[in-house]
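Colleague: Sequence:
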Amino acid sequence: MTQHLLIRGRQLLIASVASALLAGLTACSVNDRLSNEGLQARTAAAPSLPESELMFEIMAAELAGRRGMLDVAADNYLSASRKTSDARVAERATKLAIFGRNWKQARDAATRWSELAPDDLESYQILAQIHLNQGDVAGATEAFNGLILNSESVDVGMKTAVSTLLQDTNSRVSLAVADELAQLYPDNAVAHFGVARLQLGNGDKTSALNAVERSLSLDASSSDATLLKGQILWDLGRASEAYGYVRSRVQAYPDNLIMRLGLARMLVQAELYDEASREFDGIAELAPNNANALFSLGLLALESRRTDAALRYLERVIELGQYQSDAHYYIARIADNRHDYEKAVFHYEQVSDGDNVLDAQIRAAQIYGAIGQLDVGKQRLQRLRMVNTDPSVHIRLTLAEGRMLRDAAAYEESLAVFKEGLARFPDNVELLYAHALTAEHLDLDEEFERDLRKVIELEPDNAHALNALGYFLVDRGKRLDEAEKYLTQAIALLPEDPAIIDSLGWLNYRKGNYDEALVLLRKAFGKLLDPEIAAHLGEVLWVTGDEKSATEIWNKGLEVTPDDGLLRGVMERYIQ
Numbered sequence: 001m002t003q004h005l006l007i008r009g010r011q012l013l014i015a016s017v018a019s020a021l022l023a024g025l026t027a028c029s030v031n032d033r034l035s036n037e038g039l040q041a042r043t044a045a046a047p048s049l050p051e052s053e054l055m056f057e058i059m060a061a062e063l064a065g066r067r068g069m070l071d072v073a074a075d076n077y078l079s080a081s082r083k084t085s086d087a088r089v090a091e092r093a094t095k096l097a098i099f100g101r102n103w104k105q106a107r108d109a110a111t112r113w114s115e116l117a118p119d120d121l122e123s124y125q126i127l128a129q130i131h132l133n134q135g136d137v138a139g140a141t142e143a144f145n146g147l148i149l150n151s152e153s154v155d156v157g158m159k160t161a162v163s164t165l166l167q168d169t170n171s172r173v174s175l176a177v178a179d180e181l182a183q184l185y186p187d188n189a190v191a192h193f194g195v196a197r198l199q200l201g202n203g204d205k206t207s208a209l210n211a212v213e214r215s216l217s218l219d220a221s222s223s224d225a226t227l228l229k230g231q232i233l234w235d236l237g238r239a240s241e242a243y244g245y246v247r248s249r250v251q252a253y254p255d256n257l258i259m260r261l262g263l264a265r266m267l268v269q270a271e272l273y274d275e276a277s278r279e280f281d282g283i284a285e286l287a288p289n290n291a292n293a294l295f296s297l298g299l300l301a302l303e304s305r306r307t308d309a310a311l312r313y314l315e316r317v318i319e320l321g322q323y324q325s326d327a328h329y330y331i332a333r334i335a336d337n338r339h340d341y342e343k344a345v346f347h348y349e350q351v352s353d354g355d356n357v358l359d360a361q362i363r364a365a366q367i368y369g370a371i372g373q374l375d376v377g378k379q380r381l382q383r384l385r386m387v388n389t390d391p392s393v394h395i396r397l398t399l400a401e402g403r404m405l406r407d408a409a410a411y412e413e414s415l416a417v418f419k420e421g422l423a424r425f426p427d428n429v430e431l432l433y434a435h436a437l438t439a440e441h442l443d444l445d446e447e448f449e450r451d452l453r454k455v456i457e458l459e460p461d462n463a464h465a466l467n468a469l470g471y472f473l474v475d476r477g478k479r480l481d482e483a484e485k486y487l488t489q490a491i492a493l494l495p496e497d498p499a500i501i502d503s504l505g506w507l508n509y510r511k512g513n514y515d516e517a518l519v520l521l522r523k524a525f526g527k528l529l530d531p532e533i534a535a536h537l538g539e540v541l542w543v544t545g546d547e548k549s550a551t552e553i554w555n556k557g558l559e560v561t562p563d564d565g566l567l568r569g570v571m572e573r574y575i576q
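Residue numbering for the sequence shown follows my numbering, beginning at 1 and increasing consecutively.
Simulated from the structure, these hints should not be mistaken for laboratory data. Careful: at least some of the hints might be erroneous.
[Unchecked claim] With a Cα cut of at most 30 Å, we get these calculated BS3-like pairs of lysine-lysine:
no., residue 1, residue 2
1, Lys378, Lys454
2, Lys159, Lys205
3, Lys548, Lys511
4, Lys159, Lys95
5, Lys419, Lys454
6, Lys485, Lys511
7, Lys511, Lys523
8, Lys485, Lys548
[Unchecked claim] Computed spacing ranges between beta-carbons, pair by pair:
no., residue 1, residue 2, range
9, Phe425, Ile371, 47 to 57 Å
10, Glu559, Val387, 39 to 49 Å
11, Arg278, Asp481, 35 to 45 Å
12, Gln576, Asp481, 28 to 38 Å
13, Ile575, Asp407, 55 to 65 Å
Ideal placement from N, C-alpha and C gives every residue a C-beta, glycine not left out.
All chains should be built: construct the whole structure from the sequences, respecting the hints.
Modeller: What follows is the structure, given as structure tokens:
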């Protein structure tokens, strides 16, 4: 009697615990990350195995999972899946095995899952991804074919397959699978489009062009294939043919927004801004209430420097109630660049979500600093630093505050902010570089040199640090040979950088090589109309007797920055 009660008690315990697990175990599954997949398996479908034994096997799997024994958990679930027709057991086994990165278990479980639930397309997709991960072309092709055959149509299934292949990191295997699918479905346009995309990704532009033309021969109205052909022609160096082709397809399908946006983007890329602008207007007229199209137009107009048009499109997007944060952000950027700071701050403060939130908050704070409300800017940035614990964000905010203070000539405060940042992140190159530049304003030459030498130690190929240290030595008139070493390294890394060319020109002037100095400084000034370069070039021209040209160069520099102290100081020194 006692033994019978014990056996009966054990059965009740197994049944009750397993029932809890199978009824939706959401609070205590593997590392809590799999909790939302708590199994609700029905075991009545497996009469050949006593219900309690199946439940016990599932319970053992769950307990193993909770202890982090993922291989054991997946193995038990896989074993159970072979003894029941409930596909959810196999699904659970699959996902546990994937989570534990046991690809053989995952493959076997996903195969069982697809057998038990042939209408569940996720099973085929996951099985295909497992085969791709293992480099198994035949297995992946078979799984994708199962997905295609069980989808509502071949096109729908093929689109899912192609989308999955395009996301896979092993492009060689993905291309081989895409080729197999195109052979299985030779009259399917999507299959050939997938081959074209993958061939282009692998750098085989000619084969990609052939494949996309095959796709278009099967479906001439495809926006994706049309734009892909245009892109391939562009990449082959046939730009005129590219936008000529896309334009012809737009004429054939004038109401196709995707094609028209693609043409507009291509015209911007070709710097045919007037033609692009006309296309913008046509799209806006065709889709005055399409926020997606108008937002794309806004960005394209910005890229083509049509800021008035960009404002018009983005403001309409806001009226339509979509892409609010992004539209406000780009309107703020336009206003910021126009020095309309009140409008810029207003729109920056409307950015409440998305990738641009932090940038908007930082820029709004910096504007307050720039317009004389330095305390407001500091408070905003300090508050952001307090609530953001992510190291990269903390560094970014420290840099923003320090630079804002430096731009406001609050050099002591700026240096203190950078020192605080370096106390926490002593090897951060950006903080070291920023600290060095502020130290230079305070004539802290030793700190300036120390910081830049550390930057170069951490990043030997940092051309800007090499240039800064080299120029510093030249400008101070000391250790010119050492300066030349740094500047030679810098120019080798960035041969067309105007700041480095200017430094080399200034070095040659200090060494008495006036002809070489003029060649370099003229080259630098031709690349960048900068007041400091103007000061250097003008000084060398004046010293070599060309006072008229020197004055002209200085005046050009003043047109850019009328209040530049360095340039005005040089002019006052020479012009009596």
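Colleague: Starting from the hint list further up, note which numbers the structure goes against and sort them upward.
Modeller: 8, 9, 11 and 13
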